[in-house]
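*Asks:* Using the sequences plus the hints, can you model the full thing?
As a plain string of letters, each chain reads:
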Amino acid sequence: GQNIDQPTEMTATEGAIVQINCTYQTSGFNGLFWYQQHAGEAPTFLSYNVLDGLEEKGRFSSFLSRSKGYSYLLLKELQMKDSASYLCAVRDLLTGGGNKLTFGTGTQLKVEL
Amino acid sequence: GAVVSQHPSWVICKSGTSVKIECRSLDFQATTMFWYRQFPKQSLMLMATSNEGSKATYEQGVEKDKFLINHASLTLSTLTVTSAHPEDSSFYICSARAAIGETQYFGPGTRLLVL
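Residue numbers (the numbering used here), protein chains in the order written: chain A, 1 to 113; chain B, 1 to 115.
No wet-lab data here; the hints were simulated from the structure. Among the hints, erroneous ones may be present.
No farther apart than 30 Å at their CA atoms in a straight line, the calculated lysine-lysine pairs in the DSSO-like style are these [as the list claims (entries may be wrong)]:
#	chain 1	residue 1	chain 2	residue 2
1	B	Lys-55	B	Lys-20
2	B	Lys-41	A	Lys-76
3	B	Lys-14	B	Lys-66
4	A	Lys-57	A	Lys-81
5	A	Lys-57	A	Lys-68
6	A	Lys-68	B	Lys-41
7	A	Lys-110	A	Lys-68
8	B	Lys-41	A	Lys-110
9	B	Lys-41	B	Lys-14
10	B	Lys-41	B	Lys-20
11	B	Lys-66	B	Lys-55
12	B	Lys-14	B	Lys-64
13	B	Lys-41	A	Lys-57
14	B	Lys-41	A	Lys-81
15	A	Lys-57	A	Lys-110
*Replies:* Structure below.
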């Protein structure tokens, strides 16, 4: 099985930077995804990491360390609209034939003025 | 990113009726589609995985006779909740993927309320 841990809630200030951490345990790691989900809506894809290092995409960056089973999502220049749940998901080659993602419980980010 | 649609977006039905939810990939061919269920303030729970032309693979604890999944074409999968009960009320979300190793894209979700 897989264990995916991320903080339940975080609060940050508009214009600031926030880092959301995710740790995981898996046997056949084959990629880590970050999704954003606003209340009542479906998740939208943010980033994908399969190799160690930092992937930057505008205000969002995601980092992966496979040896540590660790990833983070970095959000810069926070805006009010960034208030949402951020889901960490891991794909495992050994689970479901390498077909499926397992999601963490999500981190609810609240951006305040 | 790729576009996945779901229909309907909202369903309210009486207990005992069946409800069909459609999931379509609009601009790519989805060899695999996934059905998730999400209860309030909880994460997505995978219900089943379906590959075009073959039977769906259900997760442990998900009744295949209650949640019928059909993936008849590379752009359409359907989930039918048979004899729905109030405890089936939830947010049902599908996602689609073109091939193994590629990103999953999610539909907008269907909110089901069973009275």
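*Asks:* Determine for every hint whether it applies to the structure shown.
*Replies:* Structure-based check of each hint:
In summary, the hint linking B:Lys-55 to B:Lys-20 is supported, as the alpha carbons are separated by about 17 Å, within the 30 Å threshold. Under the criterion of a C-alpha separation no larger than 30 Å, the hint pairing B:Lys-41 with A:Lys-76 is consistent with the structure, at around 25 Å. Taking the CA atoms of B:Lys-14 and B:Lys-66, the gap is about 16 Å. The hint holds against a cut of 30 Å. The suggested pairing of A:Lys-57 with A:Lys-81 holds, with an alpha-carbon distance near 17 Å, which does not exceed 30 Å.
Taking the CA atoms of A:Lys-57 and A:Lys-68, the gap is about 23 Å. The hint holds against a cut of 30 Å. Of the supplied pair hints, the one linking A:Lys-68 and B:Lys-41 holds, its CA atoms being roughly 28 Å apart against a limit of 30 Å. Straight-line distance between C-alpha atoms of A:Lys-110 and A:Lys-68 comes to about 28 Å, which keeps the hinted pair within the 30 Å bound. Between B:Lys-41 and A:Lys-110 the CA atoms are separated by roughly 14 Å; this keeps the pair inside 30 Å, and the hint holds.
A threshold of 30 Å between alpha carbons decides the hint, and for B:Lys-41 with B:Lys-14 the separation of about 25 Å falls inside it, so the pair holds. Between B:Lys-41 and B:Lys-20 the alpha-carbon distance is near 24 Å, which keeps this suggested pair within the 30 Å criterion. The straight-line distance between the Cα atoms of B:Lys-66 and B:Lys-55 is roughly 15 Å, inside the 30 Å bound, and the hint therefore holds. For the proposed pair B:Lys-14 and B:Lys-64, the alpha carbon gap of about 21 Å is at most 30 Å, so the pair holds.
Of the supplied pair hints, the one linking B:Lys-41 and A:Lys-57 holds, its CA atoms being roughly 27 Å apart against a limit of 30 Å. Restraint check for B:Lys-41 and A:Lys-81: the C-alpha separation of about 19 Å stays at or below 30 Å, so the hint holds. With a C-alpha separation of about 21 Å, the suggested pairing of A:Lys-57 with A:Lys-110 holds against the 30 Å cut-off.
Consistency with the previously given hints is maintained throughout, with no hint failing.
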